[in-house]
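Asks: Add chain H to chain Z, keeping to what the hints say.
From first to last, the protein sequence lines are chains Z and H. If you use my numbering, the first sequence corresponds to residues 1 to 246, in order. If you use my numbering, the second sequence corresponds to residues 1001 to 1256, in order.
Hints may be right or wrong, so weigh each one.
[Said to hold, decoys possible] Here are some chain Z residues pointing at chain H (derived, C-beta under 7 Å):
no., residue
1, Ile26
2, Gln30
3, Met123
[Claimed, not checked] Partner residues aside, some chain Z positions facing chain H, computed with beta carbon under 10 Å:
no., residue
4, Leu33
5, Ser110
6, Gln116
7, Tyr130
Read the hints as simulated data drawn from the structure, not as lab findings. Glycine included, each C-beta is placed from N, C-alpha and C at the ideal position.
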Amino acid sequence: MNVFYHIGQYFLLLVRVFKKPEKNSIYIRQLVLEIEKLGINSIGIVAVISVFMGGIITLQLTYNMVNPLMPTYIIGLGNRDTLILEFSSTVLSLMLAGKVGSNIASELGSMRITEQIDSMEIMGVNSASYLILPKIIAVVFISPFLFIISVFCGLVGGLITGPLSGVVTIATYVTGITTLFVPFYVSFSIIKTLAFGFLIASVPAYMGYFVQGGALEVGRASTRAVVNTSILILFFDLVLTQLLFK
Amino acid sequence: MIEIKNLFKSFEGRTVLKDISSVFEKGKTNLIIGQSGSGKTVLLKSIVGLFEIEGGEILFDGRNNRNMNFKEQKLLRQEIGMVFQNGALFDSLTVEENVRFPMDMFTTMSMKEKKTRLDFCLERVNIRQSNHLYPSEISGGMRKRVAIARAIALNPKYLFCDEPNSGLDPVTSILIDALIKEITAEFDITTIINTHDMNSVMEIGDNILFISEGLKCWEGNSSQIFNTRNKKLNAFVFASPFSKKFRELKQMEDDE
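Isolated chain Z, as found in the complex (with noise of 0.2 Å):
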C-alpha cells in the first residue's frame, strides 16, 4: 500500500510541476541557473570517469578476449559499442543520480524544513513548478550532451590505454571504433539518457520535496532518492531495451 501511496503522490506532484509557470522570464532564468549547477557542473566528473572506464573497458576486452582468430580491431569496436550502449547511457545515469539526485533531494529537503517552501506558497507561487520544473528540463535536456561527452570522453581513454599498454595499435583502434557503426544505438541511447534523465530529476525532488522533520530526514531522503532512482533506471533500462530492441 505504501508504494502505491507514493507512487500516487508523485503523479499528483508532478501534475503540479507541470501547471502552467507564473511568469515564463523568471522559470528561464531557474532553468539556465539549473542547467549550469546540474550539467555544467557534472562535466569534469563524467569526463574523468568517462576517460578511465574507457580504458578499463579497452583492456578488459583485450585480456578477455584471448583467441587468435578474433580480429585486434574489435577492441575498439567492443569499447565503442559498450560505451554507448551501456557505460555512457546506464551507468552515466547511475552516476549522475548520485551527484545531481541527492543535490536535488537535499536541496528541498532543506528548503522544506526551513519553512522556505511554506514561504513560497504563502506567497501564492506554485512552489512545486518553480522550483522542480526547471530541474527537470535542465537535467533532461543536458543529459544527452553529458552522453556524447562521455562517449568521446571514453574512446579517448581507450585510445590512451590501448596503444599506451602496447595491446592495440592506434590505427587498429580506429579501425575498430569506425567499424560496423551502428546509428540506431546512439539514437537507443539518447532516447534512454532523455528517460532517465527525467528520473534523475523527478524522483529525487519528490524525496525532497515531502520531507518532514529534521536534519536527519533530509539525509535519509536524499540516500532514499539515490537508492530509488539507482533501481528505477535499471527497471527501465531493461524495459526499453526489451521495447526497444525487438
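Replies: Only chain H this time, still in chain Z's reference frame:
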C-alpha cells in the same frame, strides 16, 4: 479583518484545534499566545491556508477562503505577508533578491519601480548596505527584518508572524515588536502574531487570544491580562519568578 469561526483541525486522529472562534481586527496587533504544543502554530498555519481545516470558517474581510476557487485563493495569498520563525529567506538569493522576489513573481513593475519599492521596504526595516549579502551572511535579527521587508513588499492586507522574537536577544526582540506594531498601524494591516514572549504580550498586545490544548481559554488585551482570574492563563503568564514579582508589585501599586 479576519474572522475565524468554530475551527477544527486534527492530525492522525488527534484533535489539535477544538472549536476556536475569534475576530482579528484591522490596524491592530492580534496575538495568539499559549504554551509550546498548544496549537498556536497550527492555528496560524490553518488561517494562512498551509493546513486544511476540517471544520469551521475563515473569513478574510468577509471572504470565506473555503468557498474560493484556485485562482481566487491565489489572489488572496498575494494579499498575505508572512514572517516565519526563522525568517524562511531563500538561501540562494541575496537580501535584495529575497525582498524583490514577490514583485518579480506577481507584478509588472519596471526595474526602476521595483528598485524604489525595494529601497522603501529595506529602509522601513532599517536595513542598509546589506543588499548583496546572502541570508547566511547576516544576523538573526537582520534576517527577521529582511523577512518583514519581504512580507510587506506587495503591500499586504494581512500580516502573519510566527514567533518573530524566537532566538533573538531582548533588545532586538523589542525592536522587532515595535517595527511590527508600527507597520501594522502605518499600513492599516490585520496583523496576527504567534508568540510566547511575555514582553511582546505587554508591549504590542492589542488583542490577545490565549489557547491551551487546542481550546480557546481567554481573550482580551494587554491591560486585562494582569487582572484575569483564568487559572491556566495565570499559570502561563506568571510562570517565571520575574513575572510573579511584577504581579506582586502591580497588586501593591493597585492597593495603594
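Asks: So, for every hint listed, does it hold in this structure?
Replies: Evaluated hints:
| no. | hint | in the structure |
| --- | --- | --- |
| 1 | Ile26 | holds, 6 Å |
| 2 | Gln30 | violated, 10 Å |
| 3 | Met123 | holds, 5 Å |
| 4 | Leu33 | holds, 8 Å |
| 5 | Ser110 | holds, 8 Å |
| 6 | Gln116 | holds, 5 Å |
| 7 | Tyr130 | holds, 8 Å |
When the structure is compared with the earlier hints, a violation turns up for hint 2 alone.
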